[in-house]
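A.B. asks: Sequence:
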Amino acid sequence: MKATLTPGRWRGLKTTSTSENVFTIMAFDQRGSYVGMLQEGSSYDDAVAIKSEVVGQLSPYTSAVLLDPTYGLRPAMQMHRNSGLLMALEKSGYTGDSTMRRADFDPDWTVAKMRRAGAAAVKLLIYYHPDSGALADEIEETISGIVADCHEQDLPLFVEPMSYSLDPEVPTDSADFAEGKPEVVIETARRIGGLGVDVLKMEFPMNAKYHNDENEWLQACEALSAASAVPWVLLSAGVDFEIFERQVRVACEGGASGYLGGRAIWKECAAMSPGERHEFLLGTAMERIEALNNHTTQQGRPWTDFYDLPEGGSDWYRSYG
Numbered sequence: 060m061k062a063t064l065t066p067g068r069w070r071g072l073k074t075t076s077t078s079e080n081v082f083t084i085m086a087f088d089q090r091g092s093y094v095g096m097l098q099e100g101s102s103y104d105d106a107v108a109i110k111s112e113v114v115g116q117l118s119p120y121t122s123a124v125l126l127d128p129t130y131g132l133r134p135a136m137q138m139h140r141n142s143g144l145l146m147a148l149e150k151s152g153y154t155g156d157s158t159m160r161r162a163d164f165d166p167d168w169t170v171a172k173m174r175r176a177g178a179a180a181v182k183l184l185i186y187y188h189p190d191s192g193a194l195a196d197e198i199e200e201t202i203s204g205i206v207a208d209c210h211e212q213d214l215p216l217f218v219e220p221m222s223y224s225l226d227p228e229v230p231t232d233s234a235d236f237a238e239g240k241p242e243v244v245i246e247t248a249r250r251i252g253g254l255g256v257d258v259l260k261m262e263f264p265m266n267a268k269y270h271n272d273e274n275e276w277l278q279a280c281e282a283l284s285a286a287s288a289v290p291w292v293l294l295s296a297g298v299d300f301e302i303f304e305r306q307v308r309v310a311c312e313g314g315a316s317g318y319l320g321g322r323a324i325w326k327e328c329a330a331m332s333p334g335e336r337h338e339f340l341l342g343t344a345m346e347r348i349e350a351l352n353n354h355t356t357q358q359g360r361p362w363t364d365f366y367d368l369p370e371g372g373s374d375w376y377r378s379y380g
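Start counting the sequence shown at 60; every next residue gets the next number (our numbering).
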């Protein structure tokens, strides 16, 4: 059974998706990791200028762009008029140790300010493990509070739950963690997707370093889709483009509604000279986006499979808001 969206959330999803109602979104909300990619000695203005160039060149070919408050104001002003704006709510990184991770927020950056700045949707990244007990409960309460904030502003919320290991002896990128990752990702989608969020931005449920069989990939993506009550899009998690393209193809075949990818598209250009970067954006980066868009358009599941148009008669505006 479909849910009925409010007018603002419906418009937000329309604004950030294609005419086929799938998502072809470029992520460039990186902050600390992004600065680490730049040439040594780069200034804040250098970081903003490069991000602005990337967004200006590539946003005409994406349904939306995800940006951050720290470096994202000028790039947001350079976006193509047909590309919707998502903005990240959380601070970069996390608080706590590596096995007990909490999101951190800037009290001066709010959902209300995002709407005032022209955002069509909100993105929230949280670290989450369904077996973390009281911490999982706490994070779910945090998400529910942000859902309420977004509903007050009538903006859709994209939530990006990132898995991690609860055992310091088992690194997140290890073979041991990879064995249990599908169950963690799928259960996370089931739980977080039931909290009132509008779209999930999900990790690929299998680690390609240890599991490279596309039939297994497809089964895991289908299970993720079955578990999620809302549309989901695939994040790139910094993998190389060749892997991400395969993952997007399989994910969309398995029920995903598109992609929300960043470094797999543009990461090489951060340290390039201006001339090299210009050539890269017009060539390689464009080709990458075209390939991802083709997979999404041909196989992605429309988000309108999950949501109905807002209802209302001639006096709908009286009770709205």
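Just so you know, the hints here were simulated from the structure itself, not pulled from any lab data.
Be aware that a few hints might be false.
Taking lysine-lysine and the DSSO-like style, the derived pairs with C-alpha atoms no more than 27 Å apart in a straight line are [what the hints assert, rightly or not]:
(1) K326 with K268
(2) K172 with K150
(3) K150 with K61
(4) K61 with K73
(5) K326 with K150
A.B. asks: If a hint holds in the structure, say so; if it doesn't, say that too.
C.D. replies: We went through each hint and held it up to the structure:
1. In summary, the hint linking K326 to K268 is supported, as the alpha carbons are separated by about 20 Å, within the 27 Å threshold.
2. Restraint check: the Cα-Cα separation between K172 and K150 comes to about 15 Å, which is no more than 27 Å; the hinted pair holds.
3. Taken as a hint, the K150 and K61 pair is broken in the structure, with Cα atoms around 33 Å apart against an allowance of 27 Å.
4. Proposed proximity of K61 and K73 is supported: the alpha carbons are some 16 Å apart, at most 27 Å.
5. Of the pairs offered as hints, the one joining K326 and K150 holds, with about 21 Å between alpha carbons and a cut-off of 27 Å not exceeded.
Consistency with the previously given hints fails for number 3 only.
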